[in-house]
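J.: If you read the protein sequences in the order shown, they are chains A and B. So that you can map any letter, position 35 of the first sequence is 35 in this note's numbering, and since no number is skipped, the others follow by simple counting. So that you can map any letter, position 100 of the second sequence is 100 in this note's numbering, and since no number is skipped, the others follow by simple counting.
Quick caveat, the hints were computed from the structure, so don't treat them as lab data. Predicted model only: the values in this text are computed from it and were never measured. The beta carbon of each residue, even a glycine, is placed where N, CA and C say it ideally should be. Do not take every clue at face value.
[Unchecked claim] If we take Cβ atoms under 10 Å as the criterion, some of the chain B residues that face chain A in the derived model are:
no. : residue
1   : Q6
2   : P8
3   : Q56
4   : P75
5   : L90
[Said to hold, decoys possible] Derived SDA-like pairs: lysine to any residue, alpha-carbon spacing no greater than 20 Å straight-line:
no. : chain 1 : residue 1 : chain 2 : residue 2
6   : B       : K70       : B       : I95
7   : A       : K2        : B       : S65
8   : A       : K99       : A       : Y71
9   : A       : K42       : B       : D38
10  : B       : K70       : B       : G42
11  : A       : K2        : B       : G58
12  : A       : K99       : B       : F12
13  : A       : K99       : B       : T79
14  : A       : K99       : B       : K71
15  : A       : K99       : B       : L11
16  : A       : K56       : B       : Y96
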Amino acid sequence: QKEVEQNSGPLSVPEGAIASLNCTYSDRVSQSFFWYRQYSGKSPELIMSIYSNGDKEDGRFTAQLNKASQYVSLLIRDSQPSDSATYLCAVNEYSSASKIIFGSGTRLSIRP
Amino acid sequence: DGGITQSPKYLFRKEGQNVTLSCEQNLNHDAMYWYRQDPGQGLRLIYYSQIVNDFQKGDIAEGYSVSREKKESFPLTVTSAQKNPTAFYLCASSIYSQVLIDEQFFGPGTRLTVL
């Protein structure tokens, strides 16, 4: 059974600081990696996708992928109270076309 | 506006009743998905469809059924065989590519409660 692991949190970060969210996955040949943000009671919203080793930046968000270590992370710079949400890591299941496995999410709280 | 719509937003089911959740997309996406989310947990795949008139079971298909008669629509029926259906149901869609797994975009969800 392929797995995606995240620390459930809550992770508490002061406003303006960098929030670092981490995710590990078990399928060594996974190729597609995604970060979703989910506010309480709402559906997930795609923030970032990353397919190659290294960093990918989009505004205040940076996704980092290390396939050798089977590790993907999301950095949020200049954290704002509106960033308080649950962040879901998702990884494709290589053996099964179109399937994505979701982690259970990390709850992030930005304190003013 | 392009997007994914789900209806109803809230649904209440009596014991022994079948109910159908609607999902429609106008993004011209080939693939559509149904997930279930329980409180404090991640998403679990129920069914998915890559093309019209074809669909595959996900990890928790028992007690559910789907159809894909049109590209735009992928309704989910929660049957009386599903013993614990109270959950948040999410529909998603994506471009279907055999090379990479494409980004999935979600509808607003349907919250189902068994009375």
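J.: Checked against the structure, which of the hints given earlier come out wrong?
T.: Hint check: 2, 4, 7, 10, 12, 13, 15 and 16 fail, others pass.
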